[in-house]
Amino acid sequence: MNEEEFVYIGTISRDYVKKEVLKNNLILVVYAVVVSIICLYVYFEDTGFNFDLFLISIFTSVVAPYVAIALISALYFSAFVRNFTYKVQKDSIVINHGVFTKTRATIPYRRIQNINITTGIFDRMFKTFTIKIETAGHSAVSSGTTRRGIGPEGYIPGLKDPHIIENKIKEIIAKISTTPSGLEDKIFKPEQLAFDNFISYILSKMREGEKLKTSIRQLREKAKLSAVMLAEKVGVPIETINYLEEGKYNPSLLLASKIAEILDCKIEDLFELA
Amino acid sequence: MIGEKSVKFKTKIKTRIKEIRNNLCLSQQDLADRIGVSRQTIYFLEKGKYNPSLTISFKIAEVLNRPLNEIFYQEPIIKEELNEIKYKKPYKEVEDFINTQGIDHNILFRIGDIDEEELSKSFSKEFLEELAEFLGYKFDDLFIDADI
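Heads up: the protein sequence lines correspond to chains A and B, in order.
Residue numbers for the first sequence follow the working numbering, so the first one is 1 and each next one is one higher.
Residue numbers for the second sequence follow the working numbering, so the first one is 1 and each next one is one higher.
Don't read these hints as lab results, they were simulated from the structure.
All clues given are correct.
Below, computed lysine-lysine pairings styled on DSSO-like, alpha-carbon distance capped at 27 Å:
#: 1; chain 1: B; residue 1: Lys-125; chain 2: A; residue 2: Lys-233
#: 2; chain 1: A; residue 1: Lys-222; chain 2: A; residue 2: Lys-266
#: 3; chain 1: A; residue 1: Lys-248; chain 2: B; residue 2: Lys-12
#: 4; chain 1: A; residue 1: Lys-258; chain 2: B; residue 2: Lys-79
#: 5; chain 1: A; residue 1: Lys-211; chain 2: B; residue 2: Lys-59
#: 6; chain 1: B; residue 1: Lys-8; chain 2: A; residue 2: Lys-224
#: 7; chain 1: B; residue 1: Lys-10; chain 2: A; residue 2: Lys-258
#: 8; chain 1: B; residue 1: Lys-138; chain 2: A; residue 2: Lys-233
Generate the whole structure from the sequences, applying the supplied hints.
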């Protein structure tokens with residue numbers, strides 16, 4: 001890959017691990033409290049349920065899963081952070097992520113619709129931010145997190161300084177989507193088009209009265225051609241030639257030039273604005 | 001020549017409005033205002049996507065102060081197609097076509113420039129049919145088969 005293509009390479013903060021572990025621990029605490037209350041209730045109501053049995057049930061249903069899940073989530077998220085990198089390139093942003101399945105998501109700037117920066121309660125405790133890059137279509141494959149099946153295509157959690165990357169992306173998008181210089185007058189704005197359509201309607205109404213003077217008949221007779229023969233040569237119905245000779249029909253330039261070619265004269269000789 | 005088969009180019013109308021307009025330092029809007037049409041019309045005229053009516057053509061000639069045949073000219077449709085072939089077809093396909101037909105590279109790209117009399121003398125109808133097909137057209141779209 002070309003060296004110049006790299007603009008900015010970043011990783012995510014380790015605070016993301018702390019945040020996720022804290023978040024998971026809080027959920028586990030709620031779970032532990034609920035299960036403990038049930039165990040206590042059973043212990044006081046059921047006389048056959050002795051203190052040893054109570055301790056064992058508390059250990060198997062509260063302490064063991066708590067420790068296991070907390071440990072696994074801490075390991076998982078530290079691995080997640082280690083494996084997460086993003087590159088802000090010239091024409092696209094590339095996100096590498098995945099602990100078990102490695103994914104490399106490339107999002108071209110052209111497809112980016114908007115960039116959201118979110119910071120939740122836990123995020124705020126550690127002063128981290130999450131950037132979500134939304135594109136026109138959603139797909140689970142390029143999504144930044146494996147936990148959420150369908151989400152924004154670009155998902156960069158645990159950022160300490162999201163404004164650097166946000167500004168970089170915005171800068172590049174602005175560069176890509178601005179009109180190249182010199183082409184400004186070639187691109188129509190919607191309001192201009194509406195006005196244009198209105199004007200062209202009015203003008204076409206005004207033009208209905210315009211008449212063309214024509215000398216087809218004289219030139220045709222000079223070339224010793226009948227109207228039928230001329231129509232055949234041009235490849236139009238005879239009525240068209242008749243209308244033209246009477247000056248009732250405003251031909252297209254193509255038709256006029258065909259007739260001029262056959263009669264071997266200039267278009268200006270054939271027609272004249274009345 | 002009577003009874004002999006001859007092939008002619010199908011032509012389309014192209015314009016030099018843009019060049020003349022630029023020489024006169026007129027914008028599309030300026031020209032549109034003077035002729036009394038919308039700017040869109042000028043835009044499509046310059047792109048060659050619009051066959052103007054004769055009254056508009058006369059007005060354009062009047063505003064640009066040039067004779068009609070200097071502003072509008074006919075060009076074989078095939079000429080533009082051959083010019084654009086390098087953007088439309090992979091190089092290898094063109095190369096293959098040249099090799100199978102056994103013609104020179106330069107001749108192929110200049111077919112649009114040669115005289116109509118030369119056309120039927122130099123190339124067989126079968127070749128022109130193959131060429132039209134290669135360009136993604138029918139024979140009748142690019143050529144006129146006329147009896148003289």
